[in-house]
Amino acid sequence: MATAKLTFADVALTVNVPSGTRIIEISEKIGSGITYGCREGECGTCITRIVEGMENLSQPSALEERVLKDNMAGHDDRLACQCQVLGGTVKVRPG
Amino acid sequence: MPQAGRARPGSHGPEAVADRVTWVGALDPDLRTFDIILKTANGTTYNSYAVRGSEGVAIIDTVKQEFTVDFLAKVEAVAGYDEITTLVLNHLEPDHTGAVPEFLRRAPHVEICVSPRGLQVLKALLKDRFDDYKVTVVRTGDTVSLGDRTLRFLTTPYVHWPDTQCTYLEEQNLLFTCDLLGCHYCDGRLFNDKVGDFRFSFDYYFDHIMRPFKRYVGEALDLIEPLNIDMIAPGHGPVLRAHPRDYITQYRRLITKRLASETGDLKTLLIFYVSAYGATAQMAEAITEGAAESDDVRVSLFDIQGGDVTPFIDLIEEADGLVLGTPTINGDAVRVIWDMLSSLVDIETKGKLGAAFGSYGWTGEAVNMVEGRMQGLKMRVPEKGLRIKMHPTTDELEECRDFGRRLAAHLAGRPMEREIDMSALLGG
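These protein sequence lines map, in sequence, to chains V and D.
In terms of the numbering used here, the first sequence has 81 at position 81, counting the first letter as 1, and numbering is strictly consecutive.
With the second sequence counted from 1, adding 95 to any position gets you the numbering used here.
Treat the hints as calculated values from the structure; they're not laboratory data.
Treat the hints with caution; some may be incorrect.
Calculated cross-link-like contacts (lysine-lysine; reagent style BS3-like; alpha-carbon spacing at most 27 Å) [as the list claims (entries may be wrong)]:
1) D:K218 with D:K229
2) D:K159 with V:K69
3) D:K218 with V:K5
4) D:K229 with V:K29
5) V:K29 with D:K222
6) V:K91 with V:K5
7) D:K218 with V:K29
8) D:K473 with V:K91
9) V:K5 with V:K29
10) D:K473 with V:K69
11) V:K5 with D:K445
12) V:K5 with D:K229
13) D:K229 with D:K289
14) D:K362 with D:K134
15) D:K352 with D:K473
16) D:K479 with V:K29
17) D:K362 with D:K352
18) V:K91 with D:K484
19) D:K473 with D:K445
20) D:K134 with D:K229
21) D:K479 with V:K91
22) V:K69 with D:K218
23) D:K362 with D:K479
24) D:K159 with D:K362
25) V:K29 with D:K473
26) V:K69 with D:K445
27) D:K159 with D:K229
28) D:K309 with V:K69
29) V:K91 with D:K445
30) D:K445 with D:K484
31) D:K218 with D:K352
32) V:K69 with D:K134
For reference, chain V alone in the conformation it holds in the complex (with noise of 0.2 Å):
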């Protein structure tokens, strides 16, 4: 199965993930501050600075890119709830 390294910044903590794993799954797990609201991209709350590694994430939805923009997030940022990581190392800090 292929795997991705993905590292919480804020909890300086990097789980061994398999690859198409949300970010979501794992924060609130391990005690990020990323916290959610609805889990479904509806409501903005996941928002999530991308450190490093914004390639390895899978392309953002129409809805995504909706509430990133309602939401006026910058270019670094994406939703927890819906990104996806695919491979390689990420980085991401609550937004």
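Following the hints, put chain D in place on chain V, whose structure we already have.
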């Protein structure tokens, strides 16, 4: 005709607050609890304003649903619906938008101006009718012209909902702030230089509505302070026409950290504990010893059984980290710890470091429960809570010191990097 003191609901007609700016809000003097969390000894007002320009009339915010008839009567007294071109919704909470559906039924042609995040709530408010109306999303710097009057928008999120914004009437240096700089104080005389002494209500409102969002209040003030301001017209309470900048100064004072001048670059860590037989106390002292070895961190230790929760909340608000120690009693953390955790909704906790520890005799659920609550408060909990069965041994006390050292390292920004497999999180 301005009325003295309290007024009955709906008994106050429209009143000019500035040239071609009219108050068309509602009085609610008998309200005694607002939004469940605020006591309102003097009731409240739902302020709405009509601004008349040479080429249109704008309505700034509306009122709570039960005052709709009263509100519309005031609107109709100052403008025909065909004259009204714009409805500005600075904040979509029901106490300001209850009258919106009926207003729109009567003035379906108006342009509704909301902030980007206000759009989502407006859709939920109007449901199937949303597409029937013209809605414009406005951001800082955008303007709407009423001919010889101009409304300029300032996006000021999280004071106190994500959607909040302010609207500035450029030609008259008049700022409409909705909940920002407001208070729950009902007085038919409307203006701050006419009503009774409402300072207590102004600060109380800040403490319960704005305090958890101090960071965002600061960003809003950064936008507001450079403006020329002759009057502030909030969504609740008196219109601030006498010394309006004093109220901005008071907000700036209320958001300013008091401990920063003493601690400088030091990070602050507060450790609170409750102990039934002294075991959790031993852990607390050892954790404190370990954390205090760091030159970058100022550590404070408190037996919370010896104090009221309320003053500690002030300390926690300015601290960088919070550690709670609790024994497990009847499968739960003890009441005073829950009291403290429930009180933290009044302050901003997002991003603070959190950690939990405790001694237990049988099952030891309390530490996990406290950690869960800390995450719910949007704190980061980088170290798994420390649990020790019964009294700690010498080795276990050293574990406690290590726990304190690691927490201090996280606070100081030099944590030991760790790597685990996902299976470890799943219990595999």
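Status of the hints after comparison with the structure:
{"no.": "1", "hint": "D:K218 with D:K229", "in the structure": "12 Å, holds"}
{"no.": "2", "hint": "D:K159 with V:K69", "in the structure": "30 Å, violated"}
{"no.": "3", "hint": "D:K218 with V:K5", "in the structure": "39 Å, violated"}
{"no.": "4", "hint": "D:K229 with V:K29", "in the structure": "44 Å, violated"}
{"no.": "5", "hint": "V:K29 with D:K222", "in the structure": "36 Å, violated"}
{"no.": "6", "hint": "V:K91 with V:K5", "in the structure": "8 Å, holds"}
{"no.": "7", "hint": "D:K218 with V:K29", "in the structure": "34 Å, violated"}
{"no.": "8", "hint": "D:K473 with V:K91", "in the structure": "19 Å, holds"}
{"no.": "9", "hint": "V:K5 with V:K29", "in the structure": "16 Å, holds"}
{"no.": "10", "hint": "D:K473 with V:K69", "in the structure": "23 Å, holds"}
{"no.": "11", "hint": "V:K5 with D:K445", "in the structure": "25 Å, holds"}
{"no.": "12", "hint": "V:K5 with D:K229", "in the structure": "47 Å, violated"}
{"no.": "13", "hint": "D:K229 with D:K289", "in the structure": "39 Å, violated"}
{"no.": "14", "hint": "D:K362 with D:K134", "in the structure": "36 Å, violated"}
{"no.": "15", "hint": "D:K352 with D:K473", "in the structure": "21 Å, holds"}
{"no.": "16", "hint": "D:K479 with V:K29", "in the structure": "10 Å, holds"}
{"no.": "17", "hint": "D:K362 with D:K352", "in the structure": "14 Å, holds"}
{"no.": "18", "hint": "V:K91 with D:K484", "in the structure": "36 Å, violated"}
{"no.": "19", "hint": "D:K473 with D:K445", "in the structure": "5 Å, holds"}
{"no.": "20", "hint": "D:K134 with D:K229", "in the structure": "38 Å, violated"}
{"no.": "21", "hint": "D:K479 with V:K91", "in the structure": "21 Å, holds"}
{"no.": "22", "hint": "V:K69 with D:K218", "in the structure": "17 Å, holds"}
{"no.": "23", "hint": "D:K362 with D:K479", "in the structure": "21 Å, holds"}
{"no.": "24", "hint": "D:K159 with D:K362", "in the structure": "44 Å, violated"}
{"no.": "25", "hint": "V:K29 with D:K473", "in the structure": "13 Å, holds"}
{"no.": "26", "hint": "V:K69 with D:K445", "in the structure": "22 Å, holds"}
{"no.": "27", "hint": "D:K159 with D:K229", "in the structure": "22 Å, holds"}
{"no.": "28", "hint": "D:K309 with V:K69", "in the structure": "24 Å, holds"}
{"no.": "29", "hint": "V:K91 with D:K445", "in the structure": "20 Å, holds"}
{"no.": "30", "hint": "D:K445 with D:K484", "in the structure": "31 Å, violated"}
{"no.": "31", "hint": "D:K218 with D:K352", "in the structure": "38 Å, violated"}
{"no.": "32", "hint": "V:K69 with D:K134", "in the structure": "37 Å, violated"}
The structure fails to meet hints 2, 3, 4, 5, 7, 12, 13, 14, 18, 20, 24, 30, 31 and 32 from the earlier list, while all remaining hints are met.
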